[in-house]
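S.K.: Sequences are here, hints too, so could you generate the full structure?
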Amino acid sequence: MLNQISKGLGRAVRAAAVAGILVGGIASAYAQEVIGAGATFPAPIYTKWGEQFKAAGGPALNYQGVGSGAGVTQIINRTVDFGASDTPVASERLASNNLLQFPAVIGAVVVVVNIPGVDGNSLKLTGPIIADIYQGRIRMWNANEIKALNPGITLPAVAVAPAYRADSSGTTNIFTSYLAAVSLPFQTNVGAANSVPWKTGVGAPGNAGVAAAVQNTKGGIGYVEYAYATENKMQTPQLENRAKKFVKPTIAGFNSAAAQANWAGAANFAASMINMGGDTTWPIVSSTYVLVPKNPSDPERAANVLKFFDWAFKSGGPAADQLHYIALPKAVQDQVRKKWSAVTANGKAVWPAS
Amino acid sequence: MKTLAPHTKARHFRRQAIDMFMSGLCIAAAGIGLIMLALILWMLFSKGAAGLSLDVFTKPMSSTGTGGGLANAIVGSLIQVGIGSMIGAPLGMMVGVYLSEVGKNSRFASIVRFVNDILLSAPSVLIGLFVYQVAVAPFGSFSGIAGALALALLAMPVVARTTEDILRLVPQAYRDGAIALGSRENEVVRKVILPAAFGGILTGILLAVARIAGETAPLIFTSLGNTNWSTDLTKPMASLPIAIYRYAGSPSADLIQLAWTGALLITVGVLMLNVVSRISLAAMRRG
Chain A
4 MLNQISKGLG RAVRAAAVAG ILVGGIASAY AQEVIGAGAT FPAPIYTKWG
54 EQFKAAGGPA LNYQGVGSGA GVTQIINRTV DFGASDTPVA SERLASNNLL
104 QFPAVIGAVV VVVNIPGVDG NSLKLTGPII ADIYQGRIRM WNANEIKALN
154 PGITLPAVAV APAYRADSSG TTNIFTSYLA AVSLPFQTNV GAANSVPWKT
204 GVGAPGNAGV AAAVQNTKGG IGYVEYAYAT ENKMQTPQLE NRAKKFVKPT
254 IAGFNSAAAQ ANWAGAANFA ASMINMGGDT TWPIVSSTYV LVPKNPSDPE
304 RAANVLKFFD WAFKSGGPAA DQLHYIALPK AVQDQVRKKW SAVTANGKAV
354 WPAS
Chain B
823 MKTLAPHTKA RHFRRQAIDM FMSGLCIAAA GIGLIMLALI LWMLFSKGAA
873 GLSLDVFTKP MSSTGTGGGL ANAIVGSLIQ VGIGSMIGAP LGMMVGVYLS
923 EVGKNSRFAS IVRFVNDILL SAPSVLIGLF VYQVAVAPFG SFSGIAGALA
973 LALLAMPVVA RTTEDILRLV PQAYRDGAIA LGSRENEVVR KVILPAAFGG
1023 ILTGILLAVA RIAGETAPLI FTSLGNTNWS TDLTKPMASL PIAIYRYAGS
1073 PSADLIQLAW TGALLITVGV LMLNVVSRIS LAAMRRG
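Chains as they are written, first to last, in this note's numbering: chain A, 4 to 357; chain B, 823 to 1109.
Some clues are possibly wrong.
What the hints assert, rightly or not - Pairs of lysine-lysine residues, derived as DSS-like cross-links and limited to a Cα-Cα distance of at most 30 Å, are as follows:
(1) A/K247 / A/K333
(2) B/K881 / A/K57
(3) A/K150 / A/K57
(4) A/K310 / B/K881
(5) B/K869 / A/K236
(6) A/K317 / A/K251
(7) A/K317 / A/K127
(8) A/K202 / A/K127
(9) B/K881 / A/K317
(10) A/K317 / A/K351
(11) A/K202 / A/K248
(12) A/K127 / A/K297
(13) A/K247 / A/K202
(14) A/K317 / A/K297
(15) B/K869 / A/K221
Stated by the list, open to error - Okay, the calculated beta carbon distance ranges per label pair:
(16) B/V1097 / A/P332: 41 to 49 Å
(17) B/A832 / A/T203: 57 to 65 Å
(18) A/N147 / B/K869: 21 to 29 Å
(19) B/C848 / A/N147: 25 to 33 Å
(20) A/A270 / B/V956: 45 to 53 Å
To be verified - One-sided and incomplete, this derived list gives chain A residues near chain B with beta-carbon spacing under 8 Å:
(21) I38
(22) A40
(23) P47
(24) E54
(25) A63
(26) Y66
(27) G68
(28) V69
(29) N210
(30) A211
(31) A230
(32) E234
Derived from the structure by calculation, the hints contain no laboratory data.
Even for Gly, the Cβ is constructed at its ideal location relative to N, Cα and C.
M.R.: Written out as structure tokens, the structure reads:
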């Protein structure tokens, strides 16, 4: 019997091995592939850039949106060529894992609302009011604080129904960083992180989940990445920025935030773009980051990653516009390229590779 | 017919009433299950069919607005589920045969049975993380073969369980008869028990294939997914469940449509697998 089993096992293993070889053989001669994993937010633009980069003669890119946290873990474990995170990684962690961090593209978070009978796009809100809504201090849309800001709008006596991300999310981090920056009570009671102890509201998974929760709830309010609001044609209230001006979420407003950020003074490019000055600046803007090993085991693959982002900086602008992202300011791109010399193999920088 | 005494008659009616009530509950329960299935299928067809086109089967995944398909995900799923089944099903069958025919109620068999039951109910994401630790992290690369291994580990306990259950249904007289005719133990299993239980074992294997075909969690950290064409088992590989998972959360309507279409494809695929196997089983029985 045992003999029989081992014979059967041998046969099964052989069958599987043969199948594997057959299948693997068909694949064979594919060119080098650049493999990245991490934040879901930049996945659409990385994929788009990847296709255009390949069309321009570069290697194929495979980017998988597994989440910022998982992206950092994967590059630390060196299972991918680059990791991606919506929030900058702490300097000590970068150093201890021999990682170089640089920003790749900029995005904005917008507030979305669904108030019966009200054009949400003309509604005006301030950060402290939103912070109060998310702490359960403002419960109705016709609260005095909101009415005072919107004299021309008849606000209904509808309960405010806040929605937030149920999953750990870079979007939540950006949004709560903004609320914590403009509201001291929010900073002490809730704080800023990928997931926070919300005082009120319902959780929904992903940007799409929050968008759906707001669309399906009378009086709903939520926060999503700009692309989700645009693609779903959702109503996005104006926010008061640091210069006390009410601004609509526009690419120009996001660009203004990027231009105001103190890139040169930030270690590892972790420059904040939250609540920046400037009359037209949208207050909730952040860049998404790329992580590469400084000591790559395969210099060619590491060079391909840097070639890809070099190409994206140079030629990726139109695709970024189309998908509602903001390209890095030119000056920042040049600063990033300079830092790439820290990626070395055998004592030589892998970029620019001859 | 004898007339019933009044109290017997009352008892008769009470029993009939209880019977009708209980039958009603059973029918209602079955009805709820069927309605749920019908609703799911209706939802899948109404949302997924709109996106069905030749492109879905011929073009690989691509970015929004470029009319990509799911061809690489379909092929990736076939490869990983195929290899996963080829590894998991024979192993599971051997465990099932051991438990039913060799180990029976021995102490070791009880332990194997217990461990198998734990594996059976282990969350699939744990299996994925386990394979990540043994087959991804040490090699520094996500790979299609790691995905297939994770699926094999999920299929194995299902097949082991169903195989044992089916073999136990084979009448003891078959075994006694074969041994009386001078067969050795392995001949009894190979030539009498397994053929007698063939249909049931195949059903168990198909159940396992159906289960792993729809698994997402064990693939995320093993085969990772791939937006490009790749059938290289040592590289990240696409699969339908991961494609659905990624596209469903996308902001773009065209990718969300592809996610629905992908879900429809998996469901129809599993359904077809069941139907075809049942038909061929019936044909084999007749022939």
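S.K.: Evaluate each hint against the coordinates.
M.R.: Hints, one by one, checked against the model:
1. Annotation: proposed proximity of A/K247 to A/K333 holds, straight-line Cα distance about 28 Å (limit 30 Å).
2. Of the pairs offered as hints, the one joining B/K881 and A/K57 holds, with about 16 Å between alpha carbons and a cut-off of 30 Å not exceeded.
3. Distance hint between A/K150 and A/K57 is unfulfilled; the C-alpha atoms sit about 53 Å from each other, more than 30 Å.
4. Only pairs whose Cα atoms come within 30 Å are accepted, and A/K310 paired with B/K881 is accepted, the gap being roughly 27 Å.
5. For the proposed pair B/K869 and A/K236, the alpha carbon gap of about 20 Å is at most 30 Å, so the pair holds.
6. At roughly 28 Å between alpha-carbon atoms, A/K317 and A/K251 fall within 30 Å of each other, so this suggested pair holds.
7. Our distance criterion of 30 Å between C-alpha atoms is broken by A/K317 and A/K127, whose separation comes to about 37 Å.
8. Restraint check: the Cα-Cα separation between A/K202 and A/K127 comes to about 23 Å, which is no more than 30 Å; the hinted pair holds.
9. Between B/K881 and A/K317, the direct Cα distance comes to roughly 29 Å. Compliance with the 30 Å bound is thereby established for this hinted pair.
10. For the hint linking A/K317 to A/K351, the alpha-carbon distance of about 24 Å falls within 30 Å, and the restraint holds.
11. For a cut-off of 30 Å, the pair hint linking A/K202 to A/K248 stands: about 28 Å separates their Cα positions.
12. With a CA separation close to 46 Å, the supplied pair A/K127 and A/K297 exceeds the 30 Å bound.
13. Taking the CA atoms of A/K247 and A/K202, the gap is about 27 Å. The hint holds against a cut of 30 Å.
14. A C-alpha spacing of about 23 Å is found between A/K317 and A/K297, which places the hinted pair at or below 30 Å, so the restraint holds.
15. A distance of roughly 25 Å separates the Cα atoms of B/K869 and A/K221; the hinted pair therefore holds under the 30 Å criterion.
16. As the Cβ distance of B/V1097 to A/P332 is approximately 59 Å, the hint placing it in 41 to 49 Å is violated.
17. Checked against the hint of 57 to 65 Å, the C-beta distance between B/A832 and A/T203 comes to roughly 59 Å, which is consistent with it.
18. A hinted range of 21 to 29 Å is violated for the C-beta pair A/N147 and B/K869, which are about 44 Å apart.
19. Checked against the given bound of 25 to 33 Å, the beta carbons of B/C848 and A/N147, roughly 59 Å apart, lie outside it.
20. Take A/A270 and B/V956: their Cβ atoms lie about 37 Å apart, and the range 45 to 53 Å is violated.
21. Proximity of A/I38 to chain B holds as hinted, the smallest CB-CB distance being about 6 Å (cut-off 8 Å).
22. Hint on A/A40 holds. Least Cβ distance to chain B is approximately 7 Å, under the 8 Å limit.
23. Because the closest C-beta pair between A/P47 and chain B is about 6 Å apart, less than 8 Å, the hint holds.
24. Nearest Cβ of chain B to the Cβ of A/E54: about 6 Å, under the 8 Å cut. The hint holds.
25. Look at A/A63: its Cβ gets to within about 5 Å of chain B, closer than 8 Å, so that hint holds up.
26. Because the closest C-beta pair between A/Y66 and chain B is about 7 Å apart, less than 8 Å, the hint holds.
27. Here the hint on A/G68 is kept, as its CB sits about 6 Å from the closest CB of chain B, short of 8 Å.
28. Taking 8 Å as the C-beta cut-off, the interface hint given for A/V69 holds, the closest approach to chain B being about 6 Å.
29. Because the smallest distance between the Cβ of A/N210 and any Cβ of chain B comes to about 7 Å, under 8 Å, the interface hint for this residue holds.
30. At a threshold of 8 Å, the smallest CB-CB gap from A/A211 to chain B is about 5 Å, leaving the interface hint in force.
31. This hint holds: A/A230 has a C-beta 5 Å from the nearest C-beta of chain B, less than the 8 Å allowed.
32. Taking 8 Å as the C-beta cut-off, the interface hint given for A/E234 holds, the closest approach to chain B being about 4 Å.
Going down the numbered hints, you'll see the structure goes against 3, 7, 12, 16, 18, 19 and 20, while the others check out.
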